[in-house]
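**Q** Add chain Z to chain X, keeping to what the hints say.
Take a look at the letters that make up each chain.
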Amino acid sequence: MLEIVQTNENNYISIAVTGDADASSSIKLDKGLRSAFDESHSNIIIDCTNLNYISSAGLGVFMSYIEEINQTNITFIIYGLSEKVLKVFGILGLDQLLILKDTKEEALAEINGL
Amino acid sequence: MRISLAISTLLWLIMTLLDVLQVLAVRSDVDLGISPTVSVLIMDFFFVFVVLFYRLRITKVESTDFIDYLWRVFAIGLIATLVSLALGLFNNSIADSALANNPFLEEVLYSIRFGLISVFLISTFTVWKKLILYQKSKRLVIWWNVFEGVILLSIFFNLTGTELQTSDLFKVLFGVITLMALILSANLKWVAFLNFKQKWKSILLILLITIYLGYFFTSIYVPGEETMDTLKSIDNLFIVSLFVFLLFYSIFSLLVILFNLPTSSVFEKKMEEAINFQRLSQSIQQGENENQIFDILLTSSMSAVYADAGWLEIERNKQGAEESEIRRKNLSPTNRLEVVEQIKVSKQKYVLKNPLSKATEQDQTLILFKKSNFRSVLIVPLIIQEKVAGHMYLLNELSDGFNKEMINIINTFASQASISIENFRLLGEALENERYKKELNIAKKVQRALLPVNLDHDDSFQIHAFTQAPDEVGGDYYDTFKLSEHKFAVVIGDVSGKGTSAAFHMSQMKGIFQSLVQLDLAPDEFLVKANKALSGCLEKTSFITLSYFVIDTERKSVEYSRAGHCPTLYYSSQNSSAEFLENKGLGLGILRNDSFKNYVFVNKMTFQKDDVIVLYTDGISEASNHSGEEFGYDRMKKILTDNAQFDAVSIQKTFIKKLFEFCEDKNLNDDYTMVVIKFK
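Just so you know, the sequences run in chain order X and Z.
Take the first sequence: its letters are residues 1 to 114, numbered as in our numbering.
Take the second sequence: its letters are residues 1001 to 1680, numbered as in our numbering.
For reference, chain X alone in the conformation it holds in the complex (with noise of 0.2 Å):
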C-alpha cells in the first residue's frame, strides 16, 4: 500500500509518500509525481518520512525524473528516507543525481538558498 498527498505551498509543492512502493504501487507514485511536475512548479519536495520500503520498481520512478530534472530548473529534493531506503538509494548511486536531505527543514533551506 502507497499514499500520496500533494501539498501546494508558497513556493514549493509537497509531496508525502507514505507505505511501501514496491511494483504494483509503483504506477500510483509516478502518477503522483508526474501532476506535481505538470504544474510546472520549480520546486517539489518528496517528504519519504513514512516510506518503509522502496523496490527496484519504485526507484525506477524517481529515475526517470532525473533527465527532467536536469533539463528543466526544477529542484526536486527529497528528504526524511530512513536508513534502510537511503541505502538502496545509495548502492545504486541514485544519490549522486538527487538531492536527498535528512530533514524538511535542510529542504526548505535548499530552496530558499538558491
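Certain hints may be false.
With a straight-line Cα cutoff of 25 Å, these simulated BS3-like cross-link-like pairs (lysine-lysine) come out [said to hold, decoys possible]:
| no. | chain 1 | residue 1 | chain 2 | residue 2 |
| --- | --- | --- | --- | --- |
| 1 | X | 87 | Z | 1604 |
| 2 | X | 31 | Z | 1540 |
| 3 | X | 87 | Z | 1370 |
| 4 | Z | 1637 | X | 84 |
| 5 | X | 28 | Z | 1540 |
| 6 | Z | 1584 | X | 84 |
| 7 | Z | 1604 | X | 84 |
| 8 | Z | 1540 | X | 87 |
Derived coverage of chain Z by chain X (criterion: at least 3 residues anywhere in the stretch with Cβ under 8 Å from a Cβ of chain X; other residues may be distant) [stated by the list, open to error]:
| no. | region |
| --- | --- |
| 9 | 1420-1428 |
| 10 | 1529-1542 |
Everything labelled a hint here was simulated from the structure, so no lab data went into it.
Nothing here was measured: the structure is a model prediction, and the numbers come from that model.
Yeah, the Cβ is synthetic: ideal placement off N, Cα and C, and Gly gets one too.
**A** Only chain Z this time, still in chain X's reference frame:
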C-alpha cells in the same frame, strides 16, 4: 428355444393323432387301451413347451418398443384367425360332400385350431407379462411370479378331470386366478410412455387382439362333437384363466390408453421441454459455441410458450465498445424495430420478480399491446456471471399469451442457458490460462538456457553459482568469459522489476555482455559502453545493476567496477574476516547520456590463497522474515567468515540454507542469485 419349438410341434402332432385314434376307437368300439390321462398329459406338456418357447423368445427380443410387442401379438392373432376362418370356409365348402361329416377331418381341424389358439394365447400372455413388469417394483415381481406359478400349475389341473360347472375346487381356483389377474391388470405404467401416435396404434392393435380373443373364445367353446370330455377347453383351467387374464388386461389397457389420449399432448410437451433443457445443458460437451446455445435457447423457449416470434439481444464487448447482437426468429428486422418502438411507448408494463435475484435489472417484464400484430411481449434477462448479458424477447399474437407456468419454464431455460454459456466461457478462460502457463514454461526454459552451465575458470579458483526465481522467469543474471589464458571476466546483474519484463531485459543484458566482453575492456569502460547500449532499449523506468569483475590469475589481481549493484562480499584469508567492497557506482540506464562515465570507477586489488568473493543479488540481502527484518549485511558477513574454509559449493549451500532458516516458511518474493569464487 428351437428344441422346445420342435417338441411342442411334435407333441401337438401326437395329440392330434391320438385324438383321431380316439374317435376311431369310439366309432369302432375298440378300446385302444390308452388311458385318457396320457392324451391329457400330452396336451399339458404341449402347453408347457409353448410357454417355454415364448419365454425364451421374449427374453431374446429386448426392446422397449411396446408397439413392436403388440404388433407381434397381433400378427400371430391374425395368422390364427385367418387359418381358423379358412378352415371354417373349407368346412362350409365341403358341407355337401361326403367329407362333410367326417369326424376325423373335423377332429383334425379342431386340433389345428386349438393348437393355434393356444399359441396365440401363450404368446399374448408373455407379451402382457412384459408390459405389466415395465418399471417393476419388487412387490410387483413377487405378485407376478406367484400368479405365473399358479397359471403354470393350472396346466396340470385338468388331470383331475373336474369341470367348471360341477367342481367347487375348480370354481374357487378360477376365482382366485381371476382376482389376481384383476389386481395385476392395474399395472399399466407403459401406457404413460407412449406418445400420441403410439397410443392410437396401441388402441387399434389391442382392440383387434381383444376381438381375436373374443372370437377364439367362442370358437374354442364349441369343440368337436365327439371329443373326449377331458379335452374340452372350457373345462381346462389353464385356458380359461388365460382367457380371462388376457381379456382383462386388454380391456384395461384399452380404457387407460383411451383416457390418457387427451393428456398425452401435455405429457409430450413436458418431455420435449425436458429434452430441450437437456440440450441446453449438454451443448457444451458437443463442442458447440455460444451462438448455438443461444439459438437452442430461443427455439426451445419459443416452442415452450407457443410464442409466435422472438429475438435475442446479446451484449458483446468488442474492443471496449458495447455492441449488441440480434438473433431473430420468425421476425423481420423492420418488424423488430416496430416492436421495440412499441415497447418504449407502451404503458401496460408488468414487472415479474426474478425469484433467484434481488437486483431489479434481473426481473422479467411482461408488456401488453392494444393494437399490434403482437399483443403480448415477454422480456427475459440473461444473466451470465452475475451480469446481465442480454435479453430475450418473446412475442405472442394473443394478449395474455404467457401464463405463470410458461414464465417459470422460461426462467429455467434462461438460467440453464446462462449456466451453459458461463461454463463455456470459464472453460475457454481455463484453456487460455493453460496455454499461458505452457508459454511461460517455455520462457522459463529459454531463460535458464541464457545462464551458463559451465563457468569459465582455471586451476587458480573455484566458481559456483546458484539462482532461483519465484515467478517462472526472473531478472537475475550472471555470466563468465575467458578473456585470455589467465584472465577471466565475471559479471552479476539484476534487472529492476520482476517477471516477464525483467526477463526480457535480462536477455538484452546477456547479449550486451557477450558482445562487449570480447573487446577485453577495462571494467569501467565496459559499464560505460553497456550503459550506452542499454539506453536505447530499456524502458524509461527500468534500470540494471551490474558488478563486473576481471580476474587475472597470473598477476593474482582483481579489477572491478560496480554499476549500482549490491556491494560485493570479500573474505580475506590474511585478515580472517569478511568485508563489503565499498566503491561508488551508478546503475545502468539511470543516466542515459555521456555524463554516466563520471559515475563509474575501477577498483583494483590483489587476492591471496583462500580468499573468497561472494557475488549476490538484493533478493538475498533484502530477504525479510515474518517480523519484517532483513537478512542483511551483518548476517552475510558472519556466515562467510564462519564458513570461508569450505569450498565454493559448500559456502553457497550454507548461505542458502541459512537464508531459508531465517525466512522460515515465508515465501521469497524476489529473484535471488549467488556466485561464489574461491581462490586456491
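**Q** All the hints need checking, so say for each whether the structure fits it.
**A** Hints and how they fare:
1. For the proposed pair residue 87 of chain X and residue 1604 of chain Z, the alpha carbon gap of about 24 Å is at most 25 Å, so the pair holds.
2. For the hint pairing residue 31 of chain X with residue 1540 of chain Z, the CA-to-CA distance comes to about 14 Å; that is within 25 Å, so the pair holds.
3. Distance hint between residue 87 of chain X and residue 1370 of chain Z is unfulfilled; the C-alpha atoms sit about 80 Å from each other, more than 25 Å.
4. Straight-line distance between C-alpha atoms of residue 1637 of chain Z and residue 84 of chain X comes to about 18 Å, which keeps the hinted pair within the 25 Å bound.
5. Simply put, residue 28 of chain X and residue 1540 of chain Z have alpha-carbon atoms about 16 Å apart, close enough for the 25 Å limit, and the pair holds.
6. Restraint check: the Cα-Cα separation between residue 1584 of chain Z and residue 84 of chain X comes to about 18 Å, which is no more than 25 Å; the hinted pair holds.
7. This hinted pair does not check out: residue 1604 of chain Z and residue 84 of chain X have alpha carbons roughly 28 Å apart, beyond 25 Å.
8. Annotation: proposed proximity of residue 1540 of chain Z to residue 87 of chain X holds, straight-line Cα distance about 23 Å (limit 25 Å).
9. For the region 1420-1428 of chain Z, the stated coverage by chain X is not satisfied: 0 residues place a CB nearer than 8 Å to a CB of that chain, which falls below the threshold of 3.
10. A count of 3 residues in the region 1529-1542 of chain Z with a Cβ less than 8 Å from any Cβ of chain X is obtained; the coverage claim is therefore met, three being the minimum.
Of the numbered hints stated above, those contradicted by the structure are hints 3, 7, 9, listed in ascending order.
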